Amino acid sequence: MTTPTEDTTETEPVLVASATDLTGNKPGEFLGRTPGQIAWSRFKRNRIGVLCAGIVIFFFLLAIFAPVISALYGQSPYIAYGLRNPNLLDDYGVPMGAGYGMSAEHWFGITPNTGYDIFIKLIYGIRTSMGIGIIVTIVSSLLGIVIGVAQGYLGGRFDYFVGRFTDLLLGLPSQLFFIAFTPIVLNLFVRPDEETPIHIRVIAIVLVQTLLGWMATSRLLRGLALSLREREYIEAAKIAGASSLRIIFKELMPNLATTILVQVTLLLPLTVTAEAGLSFLGVGMTEPTPDWGLMFLDSVNNYQNDLTYLLFPGLSLTIFSVAFSLFGDAVRDALDPKTIR
Amino acid sequence: MLRFLIRRALGAAVIIVLLIALTYFAFFSLPTDPASLSCPKGCSPQLLAQIRENMHLNQPIVVQFWHYFSGLFVGQDFGNLGHCAAPCFGYSYNSQQFVWDRIAANYPATFTLAVGGAACFLSIGVGLGMISAWKQGSFWDKAASSISLVGQSTQIYFLGPLAMALFVVNLKWLVQPNYTPFTQDPWACFQGMILPWLVMSVIFWSNYTRQVRSLMLEQLSEDHIRAARAKGMSNSYVWWRYALRGAMAPIVTIFGIDLGAVFSGAIITEYTFGVHGLGYLAVQAVHQEDLYLELGVLIFSSVSILLFNIIVDAAYALLDPRVRLG
Chain A
1 MTTPTEDTTE
11 TEPVLVASAT
21 DLTGNKPGEF
31 LGRTPGQIAW
41 SRFKRNRIGV
51 LCAGIVIFFF
61 LLAIFAPVIS
71 ALYGQSPYIA
81 YGLRNPNLLD
91 DYGVPMGAGY
101 GMSAEHWFGI
111 TPNTGYDIFI
121 KLIYGIRTSM
131 GIGIIVTIVS
141 SLLGIVIGVA
151 QGYLGGRFDY
161 FVGRFTDLLL
171 GLPSQLFFIA
181 FTPIVLNLFV
191 RPDEETPIHI
201 RVIAIVLVQT
211 LLGWMATSRL
221 LRGLALSLRE
231 REYIEAAKIA
241 GASSLRIIFK
251 ELMPNLATTI
261 LVQVTLLLPL
271 TVTAEAGLSF
281 LGVGMTEPTP
291 DWGLMFLDSV
301 NNYQNDLTYL
311 LFPGLSLTIF
321 SVAFSLFGDA
331 VRDALDPKTI
341 R
Chain B
342 MLRFLIRRAL
352 GAAVIIVLLI
362 ALTYFAFFSL
372 PTDPASLSCP
382 KGCSPQLLAQ
392 IRENMHLNQP
402 IVVQFWHYFS
412 GLFVGQDFGN
422 LGHCAAPCFG
432 YSYNSQQFVW
442 DRIAANYPAT
452 FTLAVGGAAC
462 FLSIGVGLGM
472 ISAWKQGSFW
482 DKAASSISLV
492 GQSTQIYFLG
502 PLAMALFVVN
512 LKWLVQPNYT
522 PFTQDPWACF
532 QGMILPWLVM
542 SVIFWSNYTR
552 QVRSLMLEQL
562 SEDHIRAARA
572 KGMSNSYVWW
582 RYALRGAMAP
592 IVTIFGIDLG
602 AVFSGAIITE
612 YTFGVHGLGY
622 LAVQAVHQED
632 LYLELGVLIF
642 SSVSILLFNI
652 IVDAAYALLD
662 PRVRLG
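These protein sequences, in sequence, are chains A and B.
Under my numbering, the first residue of the first sequence carries the number 1, and numbering increases by one thereafter.
Under my numbering, the first residue of the second sequence carries the number 342, and numbering increases by one thereafter.
It is worth saying that the hints were derived from the structure and are not from the lab.
Among the hints, a few may not be true.
Across the chosen pairs, the derived CB separations fall in these ranges [to be verified]:
#, chain 1, residue 1, chain 2, residue 2, range
1, A, Arg-45, B, Ser-370, 55 to 65 Å
2, A, Arg-246, B, Leu-363, 51 to 61 Å
3, A, Val-190, B, Leu-515, 29 to 39 Å
4, A, Val-190, B, Ala-427, 33 to 43 Å
5, A, Val-50, B, Met-574, 39 to 49 Å
6, A, Lys-44, B, Gly-478, 22 to 32 Å
7, B, Leu-659, A, Asn-255, 50 to 60 Å
8, B, Ala-427, A, Asn-255, 51 to 61 Å
9, A, Asn-255, B, Gln-532, 53 to 63 Å
For clarity, every value in this text was computed on a predicted model and none was experimentally measured.
Note that CB positions come from ideal geometry on N, CA and C, so glycine has one too.
Make the full structure from the sequences, and use the hints.
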């Protein structure tokens with residue numbers, strides 16, 4: 001079975017850097033640079049990458065400082081202003097005023113029917129979705145790293161059976177499984193007649209997405225570990241009497257770090273959109289928790305009356321995804337010595 | 342070839358049995374009370390008792406599973422509800438229908454969506470890739486790459502309503518997306534489905550664009566292309582008959598995987614546009630807490646994906662003689 005995990009179209013020609021670098025320049029003095037410094041200087045030269053890094057940092061700051069923004073802005077994401085102040089909505093529940101209720105108080109307007117403040121709700125929604133996405137990414141990457149490296153390093157029967165299991169999971173319709181299993185996992189923690197607390201919901205979403213999210217990482221790392229295992233320095237470490245743990249953590253891991261970092265940056269937007277998608281389908285978070293996907297659900301139900309409401313979560317999620325995937329590419333280009341810029 | 346198919350079919354059979362067992366146990370042994378989970382809202386104690394009886398919940402879990410599993414092949418009796426014929430996926434207590442009937446009723450919509458959507462994303466994705474490769478490094482190349490990148494990053498539940506607001510509500514060019522069986526009225530079917538097809542295809546483009554671009558550039562620098570040009574063949578002939586053919590094999594692989602994904606139900610597309618297909622059914626089943634229906638859709642989709650993968654691997658070998666089926 002052929003399943004593309006990551007972009008494997010790296011067929012760009014390999015140029016020896018020294019051949020092009022030294023043209024015209026005097027050899028001069030050589031400054032020692034660590035691989036990190038080299039990667040950073042390569043990254044800085046990539047303008048799009050730097051721009052996207054800025055956007056990514058901006059989103060992180062929004063998510064982290066959501067309560068501060070809320071305090072400064074003076075509105076809360078949990079208050080339905082339209083119900084409190086009937087002047088904000090007309091008889092059909094459509095926000096009144098220019099741009100569907102945009103004002104100095106409500107910058108992005110208010111939601112139809114209920115009158116939540118869109119600006120602060122969006123920021124809190126980003127916070128929820130990104131928070132869950134980050135947890136899922138970290139946990140599933142850790143799982144993928146452990147399984148992949150163990151497979152590659154140990155090999156043999158373990159590798160075979162885990163590999164078949166990975167194939168099986170990769171072949172499944174993952175979105176369908178997310179949807180079907182989230183209620184089942186919820187049911188594990190909460191009795192059907194009880195109200196589900198938010199943290200239990202988060203745990204259920206994280207569990208389900210993690211269980212079906214580690215395979216791509218483990219596949220990638222298995223292949224790498226398999227080839228690194230045969231290198232001389234690993235053999236040298238073995239001959240020197242290093243334990244397996246030491247070889248894995250001190251010899252293998254530093255060489256896998258680049259791949260892991262790139263994989264994580266590419267995985268994060270996927271998990272965030274997957275979480276938003278779950279909430280959109282009514283299986284993830286529920287009202288009144290602010291959530292990116294829930295905002296879509298609410299705005300899609302009202303798109304005929306109030307299209308601007310849809311634009312805010314829509315454009316922000318698109319910008320987020322584009323910036324993250326370009327950022328991931330830039331990180332890979334900067335860290336991979338084989339690509340030329 | 343035959344040996345390969347037999348071997349893969351056997352492997353798939355084992356996986357399918359394992360899969361059914363795993364999902365069944367997850368669905369029926371993890372929850373505290375599966376019967377109350379699949380009971381419709383406000384259900385009476387009599388119905389609950391009846392569901393318990395039908396699910397064989399008083400018997401050990403292995404026996405329960407056996408009832409379900411054998412029911413898939415020989416059918417199963419559902420007490421006073423009557424006999425459930427051969428592919429018996431259980432009974433949906435919400436709609437008071439057998440699960441298989443509901444799957445069969447919704448499958449044509451998914452099938453239509455998948456076929457049309459796949460045609461769209463294959464032609465547009467490959468087209469954009471060809472443009473990129475043809476005008477390599479130019480404005481068009483960058484434009485095609487950017488479009489497909491943004492397309493990959495948008496969400497169907499954003500683009501869909503946007504497209505509907507534009508083409509249906511404002512311009513009134515199209516009708517509200519709906520599914521009409523193709524056999525009944527091809528033109529209405531096309532009109533109702535064109536928007537879901539196009540919007541669904543957007544997220545698939547970028548993979549094809551990128552792959553086709555790099556594969557075509559790789560192919561065009563090969564020796565046999567130079568030989569063909571040296572013989573005096575026209576540029577377009579070389580492009581379509583030589584380069585594209587060489588670039589096609591990996592595309593077929595991706596296409597097969599995507600096709601499997603859309604055939605098993607494009608959940609978000611169906612939910613956004615209200616197309617009542619398999620994915621819509623799955624979401625409905627979860628909302629209504631219909632355990633048998635969820636399980637049925639899940640098994641049906643997974644099995645169809647597994648079968649698809651085998652077909653794709655076989656097709657790959659037919660297209661590319663260098664590939665040996667081991």
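Going down the list of hints, with the structure as the test:
1. A/Arg-45 - B/Ser-370: 55 to 65 Å: Roughly 57 Å apart at Cβ, these two residues keep to the hinted range, so it holds.
2. A/Arg-246 - B/Leu-363: 51 to 61 Å: Roughly 37 Å apart at Cβ, these two residues miss the hinted range, so it is violated.
3. A/Val-190 - B/Leu-515: 29 to 39 Å: 44 Å, violated
4. A/Val-190 - B/Ala-427: 33 to 43 Å: The hinted range 33 to 43 Å holds for A/Val-190 and B/Ala-427, with Cβ atoms some 37 Å apart.
5. A/Val-50 - B/Met-574: 39 to 49 Å: 46 Å, holds
6. A/Lys-44 - B/Gly-478: 22 to 32 Å: 24 Å, holds
7. B/Leu-659 - A/Asn-255: 50 to 60 Å: 39 Å, violated
8. B/Ala-427 - A/Asn-255: 51 to 61 Å: 55 Å, holds
9. A/Asn-255 - B/Gln-532: 53 to 63 Å: 56 Å, holds
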